[in-house]
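Colleague: Residues per chain, in single letters:
There are 2 protein chains.
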Amino acid sequence: MKLVCTQSDLSTNLSLTSRAVPSRPTHPVLANVLLQADAETNQVSLTAFDLSLGIRTSFSAEVLHSGEIAIPAKLLNDITTRLPEGEITLENESTSTDDPLAGEGSIVTLIPKSGRYQVRAMGAQEFPELPVIENTPALHIPAGALIEGLRGSLFATSADETKQVLTGVHLTVQQDTLEFAATDGHRLAVVQTTNESPDTNTETGLEVTVPARALRELERMLAHAHSEEEPVALYFDQGQVIFEWQNQRLTSRTLEGQYPAYRLLIPRQFERELVLDRRQFLSALERIAVFADQKNNVVKVSMDSEEQEITISCEAQDVGNGRESMSAQILGEDIDIAFNIKYLMEGLKALPSVEIHVQLNGNLTPVIFTPVGGFKMTYLAMPVQLRN
Amino acid sequence: MKLVCTQSDLSTNLSLTSRAVPSRPTHPVLANVLLQADAETNQVSLTAFDLSLGIRTSFSAEVLHSGEIAIPAKLLNDITTRLPEGEITLENESTSTDDPLAGEGSIVTLIPKSGRYQVRAMGAQEFPELPVIENTPALHIPAGALIEGLRGSLFATSADETKQVLTGVHLTVQQDTLEFAATDGHRLAVVQTTNESPDTNTETGLEVTVPARALRELERMLAHAHSEEEPVALYFDQGQVIFEWQNQRLTSRTLEGQYPAYRLLIPRQFERELVLDRRQFLSALERIAVFADQKNNVVKVSMDSEEQEITISCEAQDVGNGRESMSAQILGEDIDIAFNIKYLMEGLKALPSVEIHVQLNGNLTPVIFTPVGGFKMTYLAMPVQLRN
Numbered sequence: 035m036k037l038v039c040t041q042s043d044l045s046t047n048l049s050l051t052s053r054a055v056p057s058r059p060t061h062p063v064l065a066n067v068l069l070q071a072d073a074e075t076n077q078v079s080l081t082a083f084d085l086s087l088g089i090r091t092s093f094s095a096e097v098l099h100s101g102e103i104a105i106p107a108k109l110l111n112d113i114t115t116r117l118p119e120g121e122i123t124l125e126n127e128s129t130s131t132d133d134p135l136a137g138e139g140s141i142v143t144l145i146p147k148s149g150r151y152q153v154r155a156m157g158a159q160e161f162p163e164l165p166v167i168e169n170t171p172a173l174h175i176p177a178g179a180l181i182e183g184l185r186g187s188l189f190a191t192s193a194d195e196t197k198q199v200l201t202g203v204h205l206t207v208q209q210d211t212l213e214f215a216a217t218d219g220h221r222l223a224v225v226q227t228t229n230e231s232p233d234t235n236t237e238t239g240l241e242v243t244v245p246a247r248a249l250r251e252l253e254r255m256l257a258h259a260h261s262e263e264e265p266v267a268l269y270f271d272q273g274q275v276i277f278e279w280q281n282q283r284l285t286s287r288t289l290e291g292q293y294p295a296y297r298l299l300i301p302r303q304f305e306r307e308l309v310l311d312r313r314q315f316l317s318a319l320e321r322i323a324v325f326a327d328q329k330n331n332v333v334k335v336s337m338d339s340e341e342q343e344i345t346i347s348c349e350a351q352d353v354g355n356g357r358e359s360m361s362a363q364i365l366g367e368d369i370d371i372a373f374n375i376k377y378l379m380e381g382l383k384a385l386p387s388v389e390i391h392v393q394l395n396g397n398l399t400p401v402i403f404t405p406v407g408g409f410k411m412t413y414l415a416m417p418v419q420l421r422n
Numbered sequence: 035m036k037l038v039c040t041q042s043d044l045s046t047n048l049s050l051t052s053r054a055v056p057s058r059p060t061h062p063v064l065a066n067v068l069l070q071a072d073a074e075t076n077q078v079s080l081t082a083f084d085l086s087l088g089i090r091t092s093f094s095a096e097v098l099h100s101g102e103i104a105i106p107a108k109l110l111n112d113i114t115t116r117l118p119e120g121e122i123t124l125e126n127e128s129t130s131t132d133d134p135l136a137g138e139g140s141i142v143t144l145i146p147k148s149g150r151y152q153v154r155a156m157g158a159q160e161f162p163e164l165p166v167i168e169n170t171p172a173l174h175i176p177a178g179a180l181i182e183g184l185r186g187s188l189f190a191t192s193a194d195e196t197k198q199v200l201t202g203v204h205l206t207v208q209q210d211t212l213e214f215a216a217t218d219g220h221r222l223a224v225v226q227t228t229n230e231s232p233d234t235n236t237e238t239g240l241e242v243t244v245p246a247r248a249l250r251e252l253e254r255m256l257a258h259a260h261s262e263e264e265p266v267a268l269y270f271d272q273g274q275v276i277f278e279w280q281n282q283r284l285t286s287r288t289l290e291g292q293y294p295a296y297r298l299l300i301p302r303q304f305e306r307e308l309v310l311d312r313r314q315f316l317s318a319l320e321r322i323a324v325f326a327d328q329k330n331n332v333v334k335v336s337m338d339s340e341e342q343e344i345t346i347s348c349e350a351q352d353v354g355n356g357r358e359s360m361s362a363q364i365l366g367e368d369i370d371i372a373f374n375i376k377y378l379m380e381g382l383k384a385l386p387s388v389e390i391h392v393q394l395n396g397n398l399t400p401v402i403f404t405p406v407g408g409f410k411m412t413y414l415a416m417p418v419q420l421r422n
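Taken in sequence, the protein lines are chains A and B. For the first sequence, our numbering gives the first residue as 35, with consecutive numbering after it. For the second sequence, our numbering gives the first residue as 35, with consecutive numbering after it.
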């Protein structure tokens with residue numbers, strides 16, 4: 035194998051794929067990145083796979099001899115990022131991929147403008163195949179819509195690995211939408227993105243739960259997409275999901291288990307409604323959080339419909355207290371309601387609008403936050419018992 | 035006590051003083067910042083003191099009633115940094131400082147533009163006095179020279195608390211210079227800053243060792259000084275040192291024990307001399323470090339006087355190897371010499387010039403690095419045994 039590429043192409047693609055390299059590999063070959071060079075197409079692809087999350091990216095290079103080899107990912111990445119801009123020659127002795135021992139125990143040599151680096155590599159044949167999904171039509175979603183869906187749901191997943199299916203985002207394919215849902219049992223975030231070019235042959239009602247870890251990598255990779263209009267192809271299958279665009283592909287196993295019937299949690303009628311400024315509410319909460327941190331994170335929100343304002347307060351015994359008021363459009367009777375301030379703040383951060391709509395019934399039933407504007411997001415937070 | 039100040043003045047000064055608040059205070063009052071407000075001068079001062087390092091800063095405010103009180107530093111800082119810009123009123127009930135119980139168990143109220151915060155505070159009389167040094171003439175050093183001295187020495191102090199005196203920087207007052215020295219036993223950094231306006235009555239030959247922690251805070255505070263010309267007054271005493279400028283003061287205890295006679299370690303004659311580009315050397319070392327990390331951090335530097343170049347290399351068994359060559363002006367016979375790559379890189383980062391001068395004798399005797407140019411800095415690194 036022999037190829038010449040630029041430092042920036044190699045470095046950018048290595049840092050993207052390296053995210054799928056496990057920090058404690060169960061098998062030595064998984065600590066590697068699989069490099070495949072094709073002299074016919076002059077394309078180089080890099081693949082990393084931890085047996086759950088897989089990332090493959092490819093880029094153009096001058097490929098003099100085809101070949102494939104598994105190179106220690108961290109070492110190659112550490113050297114490449116430190117090299118100056120310019121061309122790099124990458125080669126190993128064996129140039130034939132027919133030889134079953136090609137690359138086995140061999141040395142890969144990197145020759146940048148100055149210097150020479152050699153890294154002990156492994157045979158490509160030991161590297162596991164990335165999963166493929168065949169005979170399933172793709173769903174196409176613009177990169178921007180996918181990013182919005184991830185941004186509005188990922189934060190609400192559970193970080194507790196024992197909660198299984200709650201550590202993922204639940205995706206539901208509808209006729210002309212893709213719905214994202216995430217809950218950790220205390221709050222729920224649901225985003226509906228519009229699929230503007232619906233595939234007539236896409237199976238609707240299809241549901242999968244994808245690990246948050248894979249979707250965080252997807253979010254990071256999409257941030258580098260050429261444009262928000264870039265279509266991303268989604269392939270769903272039992273146990274596996276694939277996202278593919280341009281020269282990049284991310285595969286992930288799906289989470290097993292029944293996802294909660296979250297749509298039933300969202301009330302349909304409300305006794306009270308508020309409209310208020312999201313940023314003003316959030317920055318007041320950030321200050322009150324200094325006291326709430328000392329007191330189980332509980333914050334009290336009091337509605338005053340006569341003054342058309344809400345008061346946010348926290349009394350932390352032996353430490354101090356804080357209160358702030360802000361104007362709000364209020365419909366319904368006055369009420370005091372308590373929240374875990376972290377859930378309130380995280381939801382407000384993810385809502386994409388200037389003003390938000392808050393809908394509630396009593397002070398122990400679900401409270402719904404939605405953006406004022408076209409974006410379809412629903413955030414549900416459960417109030418907590420008001421002590422004092 | 036009652037005062038009105040701006041959010042930015044309070045926040046900036048709190049974040050400077052808070053650095054001297056111990057994370058695990060030995061006495062509850064040390065978790066506080068002492069706030070003193072003087073209605074006559076309209077000045078507010080903030081003091082924090084962990085019994086070793088003390089920081090006091092002051093700023094102008096509208097002081098309506100004089101008073102002093104000890105306020106929980108973290109809480110006050112956390113609230114203040116989150117407040118929007120604008121005026122803040124700070125008050126507590128007691129306005130008399132003659133009352134011995136003033137502020138004891140009292141409440142401080144912060145009233146920003148919107149909202150109201152109350153914090154439980156402690157009496158000022160419990161807060162320990164900052165050390166003072168009387169009847170000792172000050173030494174005056176421009177802020178810029180002090181920053182240069184700290185930047186060129188602090189990195190070479192030992193992080194090992196059992197090494198006592200080596201965890202500090204040794205300061206020596208000379209007729210018209212202040213000398214900074216730091217060593218951890220493996221390398222040594224010495225900087226001489228010129229005192230351009232020597233005080234004729236300053237005692238010369240005075241030596242103290244100041245804890246690195248205090249000097250790091252000094253460096254941080256000086257970065258906010260109005261100009262590099264700003265004179266900083268230094269007061270030295272047995273056991274205590276004080277740095278004072280504008281409205282800021284930093285006090286620190288000094289470290290006890292005999293500092294090593296480091297000047298004797300620097301050879302006066304050399305068999306070999308090199309001049310080379312500092313950045314080029316450093317960036318080659320950063321790449322070779324990827325392999326040296328796998329091999330006791332040892333890097334080999336080989337001189338080739340015929341080619342007028344040096345080669346930097348590392349062979350990490352079972353992993354790989356790297357080598358780079360760069361041009362250098364070389365005087366003396368060829369030699370191979372090995373270093374701990376971290377000590378080499380840290381020294382090169384601290385040297386302030388484009389080109390550096392390297393002087394050595396054999397491959398197991400001290401190697402001296404100096405900047406080419408006016409700046410007076412000496413960096414000494416001990417080579418390590420060359421294995422292979």
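Just so you know, the hints here were simulated from the structure itself, not pulled from any lab data. In this text, a Cβ means the ideal position worked out from N, Cα and C, and glycines have one as well. The reader is advised that the hints may include incorrect statements.
[Claimed, not checked] Stretches of chain A that chain B covers, calculated by requiring three or more beta carbons in the stretch to come under 8 Å of a beta carbon on chain B:
| hint | region |
| --- | --- |
| 1 | 65–79 |
| 2 | 310–320 |
| 3 | 352–364 |
| 4 | 370–380 |
[Unchecked claim] Computed, partial: chain A to chain B, Cβ under 10 Å:
| hint | residue |
| --- | --- |
| 5 | P56 |
| 6 | P301 |
| 7 | D327 |
| 8 | I346 |
| 9 | L420 |
Colleague: Indicate, hint by hint, whether the structure satisfies it.
Modeller: Structure-based check of each hint:
Look at the region 65–79 of chain A against chain B: 0 of its residues bring a Cβ nearer than 8 Å to a Cβ of that chain, fewer than three, so the hint is violated. Counting residues of the region 310–320 of chain A whose beta-carbon sits less than 8 Å from any beta-carbon of chain B gives 3, enough to reach three: the coverage restraint holds. Residue count for the region 352–364 of chain A with a Cβ under 8 Å from a Cβ of chain B: 9. That meets the three needed, and the coverage hint holds. Look at the region 370–380 of chain A against chain B: 0 of its residues bring a Cβ nearer than 8 Å to a Cβ of that chain, fewer than three, so the hint is violated.
Given the 10 Å rule on beta carbons, the hint for P56/A is violated: about 19 Å separates it from the nearest Cβ of chain B. Among the interface hints, the one on P301/A is violated; its C-beta lies about 31 Å from the nearest C-beta in chain B, farther than the 10 Å criterion. Contact between D327/A and chain B, as hinted, is supported at the beta carbon level, the nearest pair being about 8 Å apart and thus within 10 Å. With a least beta-carbon distance of about 8 Å to chain B, the hint placing I346/A at the interface is held under the 10 Å criterion.
A hinted interface residue such as L420/A counts as satisfied when its beta carbon comes closer than 10 Å to some beta carbon of chain B; here the least separation is about 20 Å, so the hint is violated.
Consistency with the previously given hints fails for numbers 1, 4, 5, 6 and 9, ordered from lowest to highest.
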